[in-house]
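K.L.:
Sequence:
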Amino acid sequence: QVHLVESGGGLVQAGGSLRLSCAASGSIFRINVMGWYRQYPGKQRELVAAILTGGLTNYADSVKGRFTISRDNAKTTVYLQMNSLKPEDTAVYYCQVGTAPNDMAYWGKGTLVTVSS
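Residue 291 in the numbering used here sits at position 94 of the sequence shown, and the numbers go up by one each step.
Just to be clear, a hint being listed does not mean it is correct.
[Unchecked claim] Straight line, CA to CA, 30 angstroms or less: simulated DSS-like cross-link-like pairs of lysine-lysine:
1) Lys283 <-> Lys306
2) Lys306 <-> Lys261
3) Lys240 <-> Lys306
4) Lys272 <-> Lys261
5) Lys283 <-> Lys272
6) Lys261 <-> Lys283
7) Lys283 <-> Lys240
8) Lys240 <-> Lys261
9) Lys272 <-> Lys306
By construction, these hints were calculated from the structure, which means they are not laboratory data.
Please model the entire structure based on the sequences and the hints provided.
P.N.:
Right under this line is the structure:
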């Protein structure tokens, strides 16, 4: 089991910045990927950014050059630095981690990011 606690959402004006954090606890030795998804009302969750155990990162095209995913040295906390925010970035952001070798996925409860125009 992995337990995730997210923080850092809120209201920001367009062009502003926010940093999301997600702290993992429990069976953290099994974590092989950490990432952030977002969900718009009535839509499925979509990948925003992910970071693999070896440090390889992946970003949605819509956030490339504006968002940066990183993690701490202990690989128990993942961050999403969001710059140049746009109103279309308004969504609920979810932290997700994947574990191996049991191929489990764990989700945080989500944090709301609202970008005003």
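K.L.:
All hints, please: hold or fail.
P.N.:
Taking the hints in turn, this is what the structure says about them:
A hinted pair counts as satisfied when its Cα atoms are at most 30 angstroms apart, and Lys283 with Lys306 qualifies at roughly 23 angstroms. The straight-line distance between the Cα atoms of Lys306 and Lys261 is roughly 25 angstroms, inside the 30 angstroms bound, and the hint therefore holds. Taking the CA atoms of Lys240 and Lys306, the gap is near 17 angstroms; set against the 30 angstroms cutoff, the hint holds. Distance hint between Lys272 and Lys261 is fulfilled; the C-alpha atoms sit about 22 angstroms from each other, no more than 30 angstroms.
About 29 angstroms separates the Cα atoms of Lys283 and Lys272, which keeps this hinted pair within 30 angstroms; it holds. For the hint pairing Lys261 with Lys283, the CA-to-CA distance comes to about 13 angstroms; that is within 30 angstroms, so the pair holds. Of the pairs offered as hints, the one joining Lys283 and Lys240 holds, with about 18 angstroms between alpha carbons and a cut-off of 30 angstroms not exceeded. Among the hinted pairs, Lys240 with Lys261 is consistent with the structure: their alpha-carbon atoms are about 21 angstroms apart, no more than 30 angstroms.
The suggested pairing of Lys272 with Lys306 holds, with an alpha-carbon distance near 20 angstroms, which does not exceed 30 angstroms.
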